[in-house]
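Enquirer: Residue numbers (full-length UniProt numbering), protein chains in the order written: chain A, 1 to 109; chain B, 1 to 109.
Honestly, I wouldn't trust all of these hints.
The list cannot tell twin chains apart, which means a pair is met if one copy fits it or any two copies do.
Unchecked claim - Subject to a maximum C-alpha distance of 25 Å in a straight line, what follows is the list of computed SDA-like cross-link-like pairs (lysine to any residue): (1) K43 to Q88; (2) K85 to R63; (3) K43 to R55; (4) K43 to A6; (5) K84 to G70; (6) K85 to R49; (7) K85 to D18.
Derived from the structure by calculation, the hints contain no laboratory data. Since we're looking at a predicted model, the values are computed, not measured.
Take a look at the letters that make up each chain.
Protein chains: 2
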Amino acid sequence: MLDTYAIIAEPSRRRILDRLLQSDSSVTELVEELGLSQPLISKHLRMLRESGLVRVQVKAQHRIYCLDAGPLAEIDEWLSAYRKKWNQHVDALVEHLDRRKLSKEESAK
Amino acid sequence: MLDTYAIIAEPSRRRILDRLLQSDSSVTELVEELGLSQPLISKHLRMLRESGLVRVQVKAQHRIYCLDAGPLAEIDEWLSAYRKKWNQHVDALVEHLDRRKLSKEESAK
DNA sequence: CAGTTATATAACCAAAAGGTTATAATCGCT
DNA sequence: AGCGATTATAACCTTTTGGTTATATAACTG
């Protein structure tokens with residue numbers, strides 16, 4: 001089974017998740033709205049189900065899929081160690097631009 | 001070229017990033033510390049370089065690689081839409097446990 | 001200059017993954 | 001019971017990918 005990182009690496013699966021973020025959905029709805037073949041959608045949904053990112057509710061012959069964002073927390077945690085780094089980066093950039101702005105103002109006097 | 005999602009989907013590449021998070025490193029250091037073959041490390045480093053997650057500093061025959069967390073911000077942004085969802089989930093869980101605790105306390109009286 | 005060290009790349013292989021087509025299973029409806 | 005709709009699965013193909021082995025390149029070292 002694929003881990004959460006591999007699951008969200010696939011663009012179509014991210015589209016499915018993004019769609020489910022809006023509202024629960026049946027398979028047919030996903031097929032129509034995402035423009036992917038039904039077997040492909042079902043295949044991706046199976047993976048999403050197995051990795052715990054979606055849950056199913058059986059309604060007669062329909063399956064209503066709903067999002068469970070829980071497993072994404074793992075990735076968020078992993079990212080947290082890097083968050084300060086790119087802030088650092090942006091901070092450095094902002095500082096750089098500030099200095100540039102300052103020296104421009106200086107030379108404008 | 002692989003996008004940032006696909007890049008971090010690979011466990012060995014995450015290990016490289018995690019290592020570079022601690023400090024800059026040469027290829028040989030990475031090979032020794034991660035226990036992967038040199039060509040494989042070089043291959044991963046190339047991908048990481050192409051996706052902008054690392055930068056190289058040439059020091060004679062050595063290449064010092066350093067982390068650039070910038071591209072990870074994209075994933076962080078994508079996750080942000082889901083963050084409220086799993087908080088919601090955790091909140092619901094906490095609430096559930098609270099209710100259980102309350103009813104236990106009730107019945108204990 | 002010869003040999004050693006550090007790194008990248010090429011060629012190759014096996015396994016996995018995304019996608020398709022065809023088919024099965026299940027339920028509601030008439 | 002029979003039919004259409006909904007979903008899952010099986011079988012298959014092609015491309016990609018992680019990994020290995022072998023080789024090239026380049027710089028330091030004695």
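Enquirer: Now, for every hint given, state plainly whether the structure supports it.
Expert: Hint check:
In the homo-oligomer, the alpha carbons of K43 and Q88 never lie at most 25 Å apart, since the shortest distance is 41 Å inside one protomer and 28 Å across protomers. In this homomeric assembly, K85 and R63 come within 25 Å of each other (Cα to Cα) only across copies, at 21 Å, whereas the closest approach inside a single copy is 43 Å. Taking the shortest alpha-carbon separations for K43 and R55, only the intra-copy value of 14 Å comes in at or below 25 Å, while the best inter-copy value is 38 Å. When the C-alpha separation of K43 and A6 is checked against a cutoff of 25 Å, the pair qualifies both within a copy, at 15 Å, and between copies, at 19 Å.
Proximity of K84 to G70 under the C-alpha cut-off of 25 Å is found in both arrangements, the shortest distances being 23 Å within a copy and 10 Å between copies. In this assembly of identical chains, the alpha carbons of K85 and R49 lie at most 25 Å apart only when taken from different copies (17 Å versus 33 Å within one copy). For a Cα distance limit of 25 Å, the shortest separation of K85 from D18 across copies, 12 Å, qualifies, whereas the shortest one inside one copy, 27 Å, does not.
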